[in-house]
Amino acid sequence: MLDGVLIGLATAFTLQNIAFVIMGCLVGTFIGMLPGLGPMSAIALMIPVAASLEPSAGIILMAAVYYGAIFGGSTSSILINAPGVASTVATSFDGYPMAKSGKAGKALAIAAYSSFSGGVIAALMLLLAAPYLASVSLSFQSTDYFALMVLGLSAVAAFAGKGEVLKALLMTVLGLMLSTVGTDQTVGVPRFTLGMIDLVDGISFLLLVMATFALSEALMAIIKKIDESKRDAERKAAAELGSMAVSKEEVKEMVPVIGRSSVLGFLIGVLPGAGATIASFLAYGTEQRIAGAEKGKLFGKGSVRGLSAPETANNAAATGSFVPLLTLGIPGSGTTAIMLGALIGYGIQPGPRLYIDQPDVFWSVIVSMWLGNIVLLILNLPLIPYIARVLAIPARFLLPLILFFSLIGVYFVSFNTFDIQLMVLFGLAATVLRLLSFSLAPMILGFILGGMMEENLRRALLINNDSWSFLWERGLTLTILLIAVACLFVPMLTPMFAKLRKQTKGQPSAD
Amino acid sequence: MFLSKDRLGGLLLLIFCLIYAWQSQNIRMLPFQMNSAFHARTMPEVLAVLGIGLSILIIVFPSNKERFSVSGLNWPLGLAFLVLMSIYGFTVRPFGFLLSTSVFLMAGFAMLGERNIIKLLFVAVPLVVAFWALMNYGLSVFIEPLPFFLRGGSNA
Chain A
-15 MLDGVLIGLA TAFTLQNIAF VIMGCLVGTF IGMLPGLGPM SAIALMIPVA ASLEPSAGII
45 LMAAVYYGAI FGGSTSSILI NAPGVASTVA TSFDGYPMAK SGKAGKALAI AAYSSFSGGV
105 IAALMLLLAA PYLASVSLSF QSTDYFALMV LGLSAVAAFA GKGEVLKALL MTVLGLMLST
165 VGTDQTVGVP RFTLGMIDLV DGISFLLLVM ATFALSEALM AIIKKIDESK RDAERKAAAE
225 LGSMAVSKEE VKEMVPVIGR SSVLGFLIGV LPGAGATIAS FLAYGTEQRI AGAEKGKLFG
285 KGSVRGLSAP ETANNAAATG SFVPLLTLGI PGSGTTAIML GALIGYGIQP GPRLYIDQPD
345 VFWSVIVSMW LGNIVLLILN LPLIPYIARV LAIPARFLLP LILFFSLIGV YFVSFNTFDI
405 QLMVLFGLAA TVLRLLSFSL APMILGFILG GMMEENLRRA LLINNDSWSF LWERGLTLTI
465 LLIAVACLFV PMLTPMFAKL RKQTKGQPSA D
Chain B
76 MFLSKDRLGG LLLLIFCLIY AWQSQNIRML PFQMNSAFHA RTMPEVLAVL GIGLSILIIV
136 FPSNKERFSV SGLNWPLGLA FLVLMSIYGF TVRPFGFLLS TSVFLMAGFA MLGERNIIKL
196 LFVAVPLVVA FWALMNYGLS VFIEPLPFFL RGGSNA
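Chains as they are written, first to last, in the numbering used here: chain A, -15 to 495; chain B, 76 to 231.
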C-alpha cells in the first residue's frame, strides 16, 4: 500500500497536476455556486478539457472539479438558500439561518472545515478499503459482474424517493435503451440507427450528459421566469459575509460530529445508488436525535452541529462513492457514472484490474482527493468573497453562456454538427421530463452500465454454452441477484405493509 | 385529475417504448444467431417489454397526482432558445466560429432582456475571441474562425 501511496504522490505532486487540482477546485466552486448547476454539470462541462489531457491528469482535474462543485453548492445554499444540488439541501437548514443572522462568514468557514475533515477522513478509509476490495473482486467472473450491474441498477430504485421507485426504474430502462443505439459490438449489426450514419457509433455519453444536465438546467432557468428582486438579495448576501473566525467552543462541538458523520457518510457513499444526499440527511437526522433536548431545539435556527453534520457527510459520501467505481467498475452515483464514462473514453476500464494495470491512475485519484481538500481549505475559503461575486453576474448573460459552453464542449470533441442537433433534441426531452418530475440521474446510470451489462451477460452465456443456469448455479452470482431483487421489491412493498398495518390498527380486534 | 405529471410522463415514455419495440424488430438477424440464447435483438426486446410494463404501471398507479400546467412557464422563450441553438449548429461551420458564436451569444443576451447594443458587443465578442485563442493556442484545438466568404483558397 505504501508503494501505491508513493506512486500516487509522485503522479499527483507534479507542477502540472497541482495546477490542475487548483484550477479544478476553483472552476468547480465557480460552477457549483451557480444556482441549478451541480457537480454533474460541472464535471460534464470539464470533460472536453479533460479529454485533451493524459488519463491521470484528466481524472485528477475531474475529481478536483467534483469537490469544488460540492463546496460551491454549499456556498450558494448558505448564502442564498439555493442549493445547487440535493446533497446540499440539508446544509441550508442551518447554514442559511446562520447567514441571515449576519454570520455568513462563520457558516462558510464551518462548512469548509467540516467538508475538509469529512473528505480527508473518508479518503483515508478509501485508501484502506479500496485495495482490499479490489483484490477480493479479482475473483469475480463475468456472471458476477452481470449480477453486480443488475444490483447497481436496482439499487437506484431502493434509494429513490417515496413513491418514485417506478419512475426511477423506468428512467433506468430508458438509459439502457439509449445505450443499445449504434452498432452491436459482438456481431456488428446496426441497431436503432434509423439509417443515419451519424448514429452508427451510438449516442455519445458526453452529449447525453451535457444535454440532460447542463443544457436542461439552463433551459429550465430560462422558462421559469427570473426573479430579479431575488437576484438583488443574492448580490447583497454575497457582498456582506462577516468574520470567518470559528471559536474554540464551536470547534469542540464540531469535532465529535465530524467523526460520526465522516464514517456514516463514507459507508452510505459506498452503497451503489445511495450517494451524498441520503448521507447528508441521515447525518443531520442522527445529530438532531442525539443532540439532546436543549441543543436539538437549535436545529433549523443556525446550529453548528446541524451545519457541520451534513457538510461532513456529503463530502465523505462523495469520496465513498469512488469505492465501487475504482474496485468494481460500477458507478455508485450519477457523478461517478460520468467519471466512469470519462475513464472509458480514455480506454481505461475501471475495476479490480485498474489497481494492478494502472496503479498511477488508481492511486493518483486517491491522493488527489487529499490535495483537493487541502486546496479547497487554504485557497478557496479565503477567496470565497471574490468567488461569490459570480452570484452577481446577471442571468441574462449567464444562461446563454452556459448553453454555449455545453454545445461547444460536445462539438469540440466530435466536430460533428449533427451532435448539436441531437443535443437540442435531448435537451428538449430532458427539460420536459424534469418538468414532469422524472429524475434523470438513473437514466445516465442505465446508459453507462447498459453496454457493459450486455457484454458481460453475453460472455457469461458463451462460457456456459448458451445456458442460463449460471444465474442460480454460481453461489456468488445468485447471492448478488437476490440482494438486487430485495433492493427492488422492499421499497415497493414497504408502503403497502405500512398501509396494511395502519388499516389493521384502525379496525377493532377480531377477538 | 387524469393528466397528472406522472401520467403524462408515463404516457410520453410509453409512446417512446412502443416505437422502440417496433424498431427493435427491424434489427437484422444473422443466420447463425437464429438459435442462440442471446442475439442482437434480445436486450432491446427485454427492455421494450420492461419499459412498456413500467410506463403502464406509472399511468395506472401514479404517485404524483399534481396536474401538469404550463402557466407561469415561459415556453415560447424556451422554444426560441432551442431554435437558436439549432441554427447555431447549422451555421458554426459555414460562418466560422467567431461570427456564428458572437451572433449566438448576442441573440441569447438580447432574448433574455439585454437591450444595450454596446454591452451586447462588449460581452460577446471579446469573450468569443478569447475562448477561440485559448482553445487554438492553449489546448491546440483548431476550429475554423472565419466565415466561408473570408477564407482564402480551397477552404472557401
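Where hints are given, some of them may not hold.
[Stated by the list, open to error] Lysine-lysine pairs mimicking PhoX-like chemistry, simulated, CA-CA at most 25 Å apart: (1) B:Lys140 / A:Lys208; (2) A:Lys486 / A:Lys208; (3) A:Lys486 / B:Lys194; (4) A:Lys87 / A:Lys232; (5) A:Lys232 / A:Lys285; (6) A:Lys87 / A:Lys208.
Hints are computed from structural coordinates only; laboratory data are not their basis. In this text, all values refer to a predicted model and were calculated from it rather than measured experimentally.
Results of checking the hints against the structure:
In summary, the hint linking Lys140 (chain B) to Lys208 (chain A) is supported, as the alpha carbons are separated by about 21 Å, within the 25 Å threshold. Restraint check for Lys486 (chain A) and Lys208 (chain A): not satisfied, since their Cα atoms lie roughly 40 Å apart, outside the 25 Å limit. The suggested pairing of Lys486 (chain A) with Lys194 (chain B) is violated, with an alpha-carbon distance near 63 Å, which exceeds 25 Å. Restraint check: the Cα-Cα separation between Lys87 (chain A) and Lys232 (chain A) comes to about 16 Å, which is no more than 25 Å; the hinted pair holds.
Proposed proximity of Lys232 (chain A) and Lys285 (chain A) is supported: the alpha carbons are some 20 Å apart, at most 25 Å. The straight-line distance between the Cα atoms of Lys87 (chain A) and Lys208 (chain A) is roughly 31 Å, outside the 25 Å bound, and the hint therefore fails.
Of the hints listed earlier, those the structure fails to meet are numbers 2, 3 and 6, in rising order.
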